[in-house]
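Participant: Taking the hints into account, I'd like the entire structure generated from these sequences.
These protein sequence lines are chains A and B, in that order. Read left to right, the first sequence gives residues 2 to 321 (the numbering used here). Read left to right, the second sequence gives residues 2 to 321 (the numbering used here).
For chains that are exact copies, the list does not tell them apart, and a pair is met inside one copy or across any two.
Subject to a maximum C-alpha distance of 25 Å in a straight line, what follows is the list of computed SDA-like cross-link-like pairs (lysine to any residue):
no., residue 1, residue 2
1, LYS111, LEU125
2, LYS7, ALA205
3, LYS118, ILE318
4, LYS46, GLN90
5, LYS41, GLY96
6, LYS7, ARG201
7, LYS7, ARG200
8, LYS136, GLY88
9, LYS183, ARG163
10, LYS7, GLY204
11, LYS111, LEU314
The set of hints was computed from the structure by calculation and includes no laboratory data.
Protein chains: 2
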Amino acid sequence: MADFPKAVRVNEEGPREGFQFEKGPIPTARKIQLIDSLSKTGLKKIQVVSFVSPKAVPSMIDAEEVVKGFTPVPGVSYTGLWLNEKGLQRALATGRLDVRGSISQTASEKFLQRNQKRTLEENLKAQDSIIAMFKANGVPVERASIMAAFGCNFEGDISTSRILNLCERIFGIAARHELNIKVLSLADTMAWATPLSIRRVVGAVREKYPNLDISLHLHDTRGMGIANAYAGLEMGVASYDAAVAGLGGCPFAGHGGAAGNVCTEDLVFMCQEMGIETGVDLDALIESARLAEDIVGHPLPGSVMKGGTLANLRSKIAAA
Amino acid sequence: MADFPKAVRVNEEGPREGFQFEKGPIPTARKIQLIDSLSKTGLKKIQVVSFVSPKAVPSMIDAEEVVKGFTPVPGVSYTGLWLNEKGLQRALATGRLDVRGSISQTASEKFLQRNQKRTLEENLKAQDSIIAMFKANGVPVERASIMAAFGCNFEGDISTSRILNLCERIFGIAARHELNIKVLSLADTMAWATPLSIRRVVGAVREKYPNLDISLHLHDTRGMGIANAYAGLEMGVASYDAAVAGLGGCPFAGHGGAAGNVCTEDLVFMCQEMGIETGVDLDALIESARLAEDIVGHPLPGSVMKGGTLANLRSKIAAA
Chain A
2 MADFPKAVRV NEEGPREGFQ FEKGPIPTAR KIQLIDSLSK TGLKKIQVVS
52 FVSPKAVPSM IDAEEVVKGF TPVPGVSYTG LWLNEKGLQR ALATGRLDVR
102 GSISQTASEK FLQRNQKRTL EENLKAQDSI IAMFKANGVP VERASIMAAF
152 GCNFEGDIST SRILNLCERI FGIAARHELN IKVLSLADTM AWATPLSIRR
202 VVGAVREKYP NLDISLHLHD TRGMGIANAY AGLEMGVASY DAAVAGLGGC
252 PFAGHGGAAG NVCTEDLVFM CQEMGIETGV DLDALIESAR LAEDIVGHPL
302 PGSVMKGGTL ANLRSKIAAA
Chain B
2 MADFPKAVRV NEEGPREGFQ FEKGPIPTAR KIQLIDSLSK TGLKKIQVVS
52 FVSPKAVPSM IDAEEVVKGF TPVPGVSYTG LWLNEKGLQR ALATGRLDVR
102 GSISQTASEK FLQRNQKRTL EENLKAQDSI IAMFKANGVP VERASIMAAF
152 GCNFEGDIST SRILNLCERI FGIAARHELN IKVLSLADTM AWATPLSIRR
202 VVGAVREKYP NLDISLHLHD TRGMGIANAY AGLEMGVASY DAAVAGLGGC
252 PFAGHGGAAG NVCTEDLVFM CQEMGIETGV DLDALIESAR LAEDIVGHPL
302 PGSVMKGGTL ANLRSKIAAA
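Facilitator: Take a look at the structure:
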């Protein structure tokens, strides 16, 4: 019927993605409270902060304090985001994060020019010094990622052949640096994907690189997040980035729309109900989602935290 | 790759479903305004009111005035909901509605007992007098529907065999009354469906009744609405009930959760982006969705109305 994986890894990005998006200042202690809550849900990977300039992202000014403050749970990998060597070294200096490098590309030439003032070609060439930076800092590189892999607000649709071409270039770079890329993250950065384009792009990549572990980073801006994740599951994709309660999004139009990542507990709910293992305690995750709403002080887009789980209804029915 | 239909019919239920759910009174003129707005979007079927006791549903006290007030657009079928002969005759008396009967069943024995104080068996037997009522009023019956087809808050999971069994009984009743049932509506009344159960149930029904036109009525309470619709598209389902802006739902937990139907414009967006014809002008539909938010006076769950369409971004890019 479909090529569902038996189990999926859900990579939680709520604390980083969500708090970065929020306008009001969030006390450090409350950020830590959410991370500690998420640590107890069974999630195995949590992105907690980004090490960026506080001028660009004021909400991340307390990144080091947040990392120092949470209580690591054994078996959970805590990660951070950075955009340059300074950020990388800040992440390493904490001594508490799982710091890994990646070969990061962007499928959209125009997006790249806008944000990094580089062409695709220049961006590919820049990888040599970035990889050298990782090596100099003793950071392993086993991952590649392609942003805007399904479309771009500035360039429009992205062809499958461009993605395959980028993959080829990425693997060429990896080979030159003797890196073994095991995971490719395809990011729907600007929410252009539909279930059909997920099938198209993932299918093409999987056909060419059958042993590559594909990971999807999905946004829910146009309401396609869960449907896109489902299309990924049908294609056997077993790794997804997600944000608890849909943090980073907001149901108010004036607040920029529901721009967040696909919602973690809605994704976990779908997997559980379809017999796909996540290792996550959905009730505990819903508690974290409610905590996230309480912390940001406004409703968040997640649905299952409002609609309730079916497992709880089944228990109630069985007990009646 | 998948058995997508070339075109789908979207049956708008926002005015009925949405206004019924809202707590505050909505002026008749504003209800009419939304119906008139929806009439210009290309939607071919709009459910405008329900003829129920104003004691039970005070917001529908002006049903006749609403029906008298809107401006019918040729080619659009306007429908109403009723639960008994009195309601049916009120609908007929308006002279402005497309009044059609159906053989309505509920898959959940417990739901039926709670709401209608009947067993499944009694409910099947009751169809004789209901069909007689339709015939006496000159109302055609070409449709059957099964509520709670994917699960029930009071009974739990519903087996595929129960659905097939109900289908058999329904077609038996139809044969006895010389009715030609062309459409079967499967309703996920309490939002238990996942894409997998959509595939399971629709697949089983389609295999047994390959010529039957299946229609899906989906709720988004647990965030699965669009993914479930996608699973329906993969199974070739070409008819969906939906509510503009996700009317009937609400992003506030305290407001009962996002309990509405799947959102019309998000569904139309997905279809359009996947090359499936809907006949609907998405920009006009988004205008209707914004009007719906303005009328109810609080945010509604729809995403594309906040995130914007890709067609508009493509035009902007092409013009740049």
